[in-house]
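Asker: Take a look at the letters that make up each chain.
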Amino acid sequence: MIRLRQLTKRYGEVTAVDDLTVDVRPGVVTGFLGPNGSGKTTTMRMILGLDRPTSGTATISGRPYAGLAAPLREVGALLDAHAVHPRRRAYDHLLWLAQSNDIGRRRIDEVLALVGLGDVARRRPGGFSLGMKQRLGIAAALLGDPPVLLLDEPVNGLDPEGIRWIRTLVRGLAAEGRTVLVSSHLMSEMALTADHLIVVGRGRLIADTGLREFMRSRSPEAVLVRAAAADRLAGLLRAAGASVGTGGGDALTVTGLPSAEIGRVALAHGIALQELTPQWSSLEEAYLDLTRDAVEFAGVPS
Amino acid sequence: MTALGLLRSERTKFRTLRATVRLLAGALLVAGTYGFLFGTAAARDYKAASAAAKAAFDPAGAAFRAMLLAGVLVSAVGVLAVTAEYATGTIRAGVTAVPRRAFLVAAKAAVVALVLLPAGPLLALTSFVASQTALAARGVPSLALGDPGVAGAVAGSALFAALLGLYGVALGFLLRRSAGAICLATFLLLLPGMAALLPPGAARWVVTWWPSAAGAQVFAVHPGAGALGPLAGTGVLAATVLALLLAAVAVFRRRDA
Numbered sequence: 001m002i003r004l005r006q007l008t009k010r011y012g013e014v015t016a017v018d019d020l021t022v023d024v025r026p027g028v029v030t031g032f033l034g035p036n037g038s039g040k041t042t043t044m045r046m047i048l049g050l051d052r053p054t055s056g057t058a059t060i061s062g063r064p065y066a067g068l069a070a071p072l073r074e075v076g077a078l079l080d081a082h083a084v085h086p087r088r089r090a091y092d093h094l095l096w097l098a099q100s101n102d103i104g105r106r107r108i109d110e111v112l113a114l115v116g117l118g119d120v121a122r123r124r125p126g127g128f129s130l131g132m133k134q135r136l137g138i139a140a141a142l143l144g145d146p147p148v149l150l151l152d153e154p155v156n157g158l159d160p161e162g163i164r165w166i167r168t169l170v171r172g173l174a175a176e177g178r179t180v181l182v183s184s185h186l187m188s189e190m191a192l193t194a195d196h197l198i199v200v201g202r203g204r205l206i207a208d209t210g211l212r213e214f215m216r217s218r219s220p221e222a223v224l225v226r227a228a229a230a231d232r233l234a235g236l237l238r239a240a241g242a243s244v245g246t247g248g249g250d251a252l253t254v255t256g257l258p259s260a261e262i263g264r265v266a267l268a269h270g271i272a273l274q275e276l277t278p279q280w281s282s283l284e285e286a287y288l289d290l291t292r293d294a295v296e297f298a299g300v301p302s
Numbered sequence: 001m002t003a004l005g006l007l008r009s010e011r012t013k014f015r016t017l018r019a020t021v022r023l024l025a026g027a028l029l030v031a032g033t034y035g036f037l038f039g040t041a042a043a044r045d046y047k048a049a050s051a052a053a054k055a056a057f058d059p060a061g062a063a064f065r066a067m068l069l070a071g072v073l074v075s076a077v078g079v080l081a082v083t084a085e086y087a088t089g090t091i092r093a094g095v096t097a098v099p100r101r102a103f104l105v106a107a108k109a110a111v112v113a114l115v116l117l118p119a120g121p122l123l124a125l126t127s128f129v130a131s132q133t134a135l136a137a138r139g140v141p142s143l144a145l146g147d148p149g150v151a152g153a154v155a156g157s158a159l160f161a162a163l164l165g166l167y168g169v170a171l172g173f174l175l176r177r178s179a180g181a182i183c184l185a186t187f188l189l190l191l192p193g194m195a196a197l198l199p200p201g202a203a204r205w206v207v208t209w210w211p212s213a214a215g216a217q218v219f220a221v222h223p224g225a226g227a228l229g230p231l232a233g234t235g236v237l238a239a240t241v242l243a244l245l246l247a248a249v250a251v252f253r254r255r256d257a
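Those protein sequence lines, which keep their order, are chains A and B. Just so we're aligned: the first sequence equals residues 1 to 302 in our numbering. Just so we're aligned: the second sequence equals residues 1 to 257 in our numbering.
These are calculated hints, taken from the structure and not from any lab test. Positions of the beta carbon are idealized from the N, C-alpha and C atoms, including for glycine. Be aware that a few hints might be false.
Said to hold, decoys possible - Partner residues aside, some chain B positions facing chain A, computed with beta carbon under 10 Å:
#1 T12
#2 K13
#3 A19
#4 I91
#5 A93
#6 A97
#7 A107
#8 R254
#9 R255
Let the hints inform the model, and build the full structure from the sequences given.
Answerer: In C-alpha cells form, the structure reads like this:
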C-alpha cells in the first residue's frame, strides 16, 4: 500500500505536484495517468525518497521510504531504463544492488531468467536495445521480491512484443497480491493493463477511480447494431425513442436505448441481428476530455 | 542494509568501473616516468652546480616530486567513483537502494580509501626507485631504500594517496560532473606549484599551509626549517579532506537525487 497525503512539490514558481492525496492498493494494477509534465515522475521520485516533498507525505506500508531498513525488499522501482552504467555488465549491475540490501546471488540468476536476460548476463548494457535495458530495469526492480512496485512509463519505446510482455508481467505481479503502480501517458495502454486509474494533470488529482467506472461515467453509451434490414430497424428504433446514426451498409450506431431494449425491438419485429455491441466512447477520448485543461503544451489545431 | 553489505556493494561498483583501474595504471606510469625525469633533471643541475652547491645537494629532493603529479590521477579516481554514477544516472538507483545517504557516502569513501592505501606506497616506491636510479646512473649521489626517512615517506604515502582519493570523492559529490570536479581538483592540488607568482608572504603561506603542499610534507625525507613536517602536514590535509567530506554529506543529503 502506497499512501500519499497532501503531497506537494514546488520548484520555485512551478508546482509540479499539487496537494496529491491518494492510496495505491495491493492486488490490482493502478495506472498513473497524465499528460507529459503532469507530475507523475516527480510523484514517484518523492515516494522513493529521491526528491524531498515541499510538503505532505508519501509512505509505503506506513513508513516513509527513508525509514525502510532494506528498501529493495519492500519496493521495486523502474524509473529510467537508461540509468545503468553502459560498461558495467548486467550481472554486476544487479550484483551491487543486491549486495547493498543483503540479497543473495541466487536471486540475481532468478530475476535474470525471469526477464529473459539469462544469456546476456555477462554482456555490457551499452550494447543493449531499449527493450533489453527495460528488462534489466525490471530485473533490478524485482531483485528484492518486493510487495510494492513502481514502474515509470515501462512501455515507452518498446515494440509490441515487449509491450505485451510488460503487460502480462505487471498483471501477474498484481495477481500475486502486490501493489503495482504503473505510470503512462498512453491511455490505450492503461486500458489494457490497469484495473484502477489515478489521473493527474498539472500536478493535481483529476480522477481516482476504477477503470470500468471511469469509462462509463465519462461517456454516453452507444450501441453498434448490425442487421440485414438495417433501414427498417433504424426506423423502429427511432420510434422507440433512440437516435440512430447510419454509417452506411448494415451498421447502425444507436444511442439513448440500452442494448437489451434494442434486442427486444428487433425480436418483436422479426429482425435478425448480426451484431449488438455496447460501446463506450473510447477511453482515449474520455482521458483527453479530462486532461484537456491540464495539458502543459498544447498544439494549435491547423 | 548492513555495513558489510554496503561495503561489498561499493566495492563491486568500484571494481566494475574500468576507468578507475586505468587511472591507477596511469598514476603508476606517471610516478615512474616523472620520477625518472625529475632524477635526470636533478643530476643535470648537480653536474652544473658549484662545489658548495654540490655539497648541499639532497638527493631526496627529486625522490617523490612525481607524487603530486601522480596524485592528480589518484584524486581523479575518487572523483570518477562518484561522478560516473551521476553521468550514468545510477546514482538514483544507489540512493533508492540506500536511502540513508550519509551511509552511502561513507561506504564509497571507505572503499576508495581502502583501494588507495596500498596504491600509495606502490606509487611512492616507483617514483623513488626511478629517480634514484636516474641519479645513480649519472654518478650523482643517491639514496637507498634503507636510508633514514625513506621508509617513513613510503609508508606515509599510503595516507597521502587515500586522502587525495577522499578529496576526489568529496569534490565528486559536491560538483557531480566529472570534468568540473577533475579540473577543480587538479587546479587546487597543483596550486602550490604556482606559488612563485604570488607575493613572498602569500607564497610562503601557500607552500607551508596549502593542504596539498602540507600533505606532501609526508615525503620530506629531510624537512626544511619552517616546514610543517610529515605528521602535522598530513594532519592539515586530513582536516581539509574531512571538512570537504562533511560538506559533501550535508549537500548530498539535502539535494534531490
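Asker: A separate judgement is required for each hint: does it hold in the structure or not?
Answerer: Hints versus structure:
{"no.": "1", "hint": "T12", "result": "4 Å, holds"}
{"no.": "2", "hint": "K13", "result": "5 Å, holds"}
{"no.": "3", "hint": "A19", "result": "8 Å, holds"}
{"no.": "4", "hint": "I91", "result": "8 Å, holds"}
{"no.": "5", "hint": "A93", "result": "6 Å, holds"}
{"no.": "6", "hint": "A97", "result": "4 Å, holds"}
{"no.": "7", "hint": "A107", "result": "8 Å, holds"}
{"no.": "8", "hint": "R254", "result": "8 Å, holds"}
{"no.": "9", "hint": "R255", "result": "9 Å, holds"}
Consistency note: the structure conflicts with none of the earlier hints.
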